[in-house]
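Undergrad: Grab the two chains, each in its own frame, and use the hints to assemble them into the complex.
Given next are the chains, with one letter for each unit.
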Amino acid sequence: MTQDDIQTTLLGVFRKVFSDEDIVISEEMTAADYEAWDSLNHIMLIMETEATFGVKFSNAEVARLQKVGDLIKLVAGKLG
Amino acid sequence: MGNMSEIVIWNPGTILFPIANATLRLYQPHYRRNILLDQAAMGWIDNLVTAADKGILRCDAADGWNASWRIKDATKFNIFDNAYENSAMFDADATLVAGDKLTCKEVLELLIDVGILATQWPIEYKHDKQHFGDAFRGSFYEQIGTACLMNRRIPTEWWADQKFEKNRLSTRLTAYHYVQDRFLDGFLEDHVAGKSIIEVGCGTGYYTNRMAQVSDKAVGVDYNSDYIDIAKKTWSGQGEGDATYAVLDIIDFSTDQPELIAEPFDYVIMIDTFLFLFHESYQPQLFSNRKTVLQNLAKLVKKDGRILIMDPHPLFLTPFFGDPNRPFGILESYNSHYFRVAPTLAEITELLEDAGLAIARIFEPKPHPDFDKVNPKSHKFYSEVPMWHMLELIVR
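If you read the sequences in order, they're chains A and B.
Residues in the first sequence are numbered consecutively from 1, following the numbering used here.
Residues in the second sequence are numbered consecutively from 1, following the numbering used here.
Mixed in with the good hints, there may be bad ones.
Dumping the calculated SDA-like pairs for lysine to any residue here, alpha-carbon to alpha-carbon at most 25 Å [to be verified]:
{"hint": "1", "chain 1": "A", "residue 1": "K67", "chain 2": "B", "residue 2": "V247"}
{"hint": "2", "chain 1": "A", "residue 1": "K78", "chain 2": "B", "residue 2": "R153"}
{"hint": "3", "chain 1": "B", "residue 1": "K105", "chain 2": "B", "residue 2": "A22"}
{"hint": "4", "chain 1": "B", "residue 1": "K366", "chain 2": "B", "residue 2": "R396"}
{"hint": "5", "chain 1": "B", "residue 1": "K217", "chain 2": "B", "residue 2": "R182"}
{"hint": "6", "chain 1": "B", "residue 1": "K129", "chain 2": "A", "residue 2": "I6"}
{"hint": "7", "chain 1": "B", "residue 1": "K76", "chain 2": "A", "residue 2": "L40"}
Examples of chain B residues toward chain A, derived with CB under 10 Å [unchecked claim]:
{"hint": "8", "residue": "K126"}
{"hint": "9", "residue": "K129"}
{"hint": "10", "residue": "A135"}
{"hint": "11", "residue": "G145"}
{"hint": "12", "residue": "L149"}
{"hint": "13", "residue": "R153"}
For the record, the hints were derived by calculation from the structure and aren't laboratory data.
Here a beta-carbon is modelled for each residue, glycine too, at the ideal position from N, C-alpha and C.
Pulled out of the complex, with its shape left as it was, chain B reads as follows (with noise of 0.2 Å):
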């Protein structure tokens, strides 16, 4: 090992975090990766960072190299249980133990991967994939596919896994119910109440039903047959106030019930669905049609009516640290998509006055205060850093 010379650089992105038991965490905002890495090495990051001046690192002991420090990589994609609340990817559970020794060269090959530890200056960034089962490169998008191949789920029902207990009559007591849901019964309720409303993308049905709760008149559609099926199975015979659901196509605008959207509504809206436009390898066809989406929403709409799109915001998935009474977000990109998926504000007006339609108001909704009692850190978190948005938009 005393051989062994690398041409290393440190990234001055590295951020670093002492934590419980003489241990750091390291993280690259980047990539989102986290390492445990022994506090005792904090004399070898030294010399790293002052070797950038030399720019060649041995692993020796004149370097301060000591090959018994503990090291592991703590990086976790939790996609199963709400990524959001751990959009810093963090292990939380990933403690040093005894065993978890590496040599030096694999550590350099570890802390090159994660982008802590560069070989050449500036520094460049590999976001993509290199292969279907790399994991934690790619966007969200593409990291739920990774998951989804490793833990053998398909991602249609990993969607709705997270959002909804197993039955899909509830959302599960996360994010999606103290923000989402608590903002929505006090928005349909204050104006939907009495009105006609379609959900475009209404998948397995719930929030349809809790529209026709309080309006005069609900529809879901969604292009997807199956998950018309599980709608009406799931809702039928909720007695009064029942909604109803239909295939439709909303790209060529096809239907298996016409009759259904013969008559315009008040409100039509789409929830976390909207983002979908504009990810062009997701789904591509609604990509390269979503010019055409937005014009077959608006022909669904009244002349003075609205159409509402909840959405993940665009500070969606930004990874937040510190004091749990007020922890605070690093954002390392907005315009460039290379985890985040939401579209930002200026892809989203660009369409929009691309298809004629125009924003009359933004509502950023902030979570229940019930909130505090499940998560306390996410919850303050995102009381105030907005993680959804919903758009009323008025036909020009």
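Chain A on its own, in the form it takes in the complex (with noise of 0.2 Å):
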């Protein structure tokens, strides 16, 4: 799965978790960019996230997280 592929899947999240079929995301976009990505939001995009893609963040990894850039990566990471 290349990065593109990650990205696209992760914006179906994205729309999921926050009811919003027009959200747009890009790799530069952090929690302050979009009003209702609060810290329960979070724990669901977390936790939707690890279930599409079939994969276990660990909380240290969790905690570097700052941006949707660092997510697709660590995503990429896991898949290999």
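TA: Structure follows, in structure tokens:
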């Protein structure tokens, strides 16, 4: 799966978690860029991302996430 | 390491407890952080305290630094097993072992992070989380969020899991049971027998069902339809005295069963819900509409009825220490909500005054004596320092 493929799949995750079909994501996007991206939705986002890609993140990996691009790279690393 | 030097200041607010096995527990009250350190490092600490004058610490033998000391972060936010029984956030199972050695640089980074050492005077305290995964910073709610993130748990499930058994039919044998439940049992029997009562924010319906056993009429309402579905499934068929449940948005007063609230009630009660009206970011809708919420509660109660607010006490989550038979608390703030989430008395009365309500009486429940058999230290502390209070309100 390429990083573009991961970003496309991740877009579906974002749309599901935030119930927003119009949401657009980019590698530089952070929680500060989207009002509904609060701590509760962040939990749902991580859980849904793990379930969708069939991967598990460590707490240290979760703690280091700053932006969407970090999440894409993390998933890519897990999928090898 | 001998060349390592830092300008550091020992935080005079750090509290030291000698504990078993030649270990010191260092407690930083502003961040509720705990560190275990070799007792042999006491001379080094003394040097640090003295170094407040000279302001420079060198990690070498001349300053008493000994690289063989063991040190460990022993902070634990055990949210899934009743945070209020470990509000000092201490991992009591943590011990120092041979491998717990850090370099001087690592020690400095850790002690600066937990606020035991500072790099400037006056010390600047950073209470806010820097990111979602930033553990041990932020308010109680925010730390719940991080704990849920790290444990992949949904916060609403955490709340129910902490308070109730898995089947939701009873409270766990914690302070919820020995303080809140036992007090409410007595209060309901004494005051609500033969009366009508509505519980706003009833969640999965546990308390409404108890009210139904003694009252003439009991209704449970919640804005969350998932909770109401669970309440109906869990408590249906309980026989005579069944409660009824409905979805009600207490902000706009919309409901799926208007007939249930057509007549005013003798009592309106909210349990562990009122505090959410005071937190700007946790549930912003409730915060910005808090006056309306209270005015809508007043619409539900008879002219001579009472509104009951059972809520965490302003002293809720006070960390406690010391002799298990005579524990004491350390209060590092009251007006600021760095960690605490319960409103102050001034915040409560300002809102009540604004909404046309007044306090007729305040109850401060003590634990049932049986709590002593389950958790003697918590029993002793919460016998002295209230964990919940119940405000009995009238409409002015």
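Undergrad: Look at each hint and say if it fits the structure.
TA: Verification of the supplied hints:
The suggested pairing of K67(A) with V247(B) is violated, with an alpha-carbon distance near 38 Å, which exceeds 25 Å. Using a Cα cut-off of 25 Å, the hinted pair K78(A) and R153(B) holds, with the two alpha carbons roughly 22 Å apart. Restraint check for K105(B) and A22(B): the C-alpha separation of about 23 Å stays at or below 25 Å, so the hint holds. At most 25 Å may separate the alpha-carbon atoms for a hinted pair to count; K366(B) and R396(B) exceed this at roughly 29 Å.
Note on K217(B) and R182(B): the hinted pairing holds, with a Cα-Cα distance of about 21 Å set against a maximum of 25 Å. Proposed proximity of K129(B) and I6(A) is contradicted: the alpha carbons are some 29 Å apart, above 25 Å. Between K76(B) and L40(A) the alpha-carbon distance is near 21 Å, which keeps this suggested pair within the 25 Å criterion. With its C-beta approaching chain A no nearer than about 17 Å, K126(B) sits outside the 10 Å limit, and its interface hint is violated.
Of the supplied interface hints, the one on K129(B) holds, with its beta-carbon coming within about 9 Å of a beta-carbon of chain A, less than 10 Å. At about 7 Å, the closest approach between the beta carbon of A135(B) and any beta carbon in chain A falls short of 10 Å, and the interface hint on this residue holds. With a least beta-carbon distance of about 4 Å to chain A, the hint placing G145(B) at the interface is held under the 10 Å criterion. Because the beta carbon of L149(B) sits about 5 Å from the nearest beta carbon in chain A, less than 10 Å, this interface hint is met.
With its C-beta approaching chain A no nearer than about 8 Å, R153(B) sits inside the 10 Å limit, and its interface hint holds.
In terms of the numbered hints stated before, the structure departs from hints 1, 4, 6 and 8, listed from lowest to highest.
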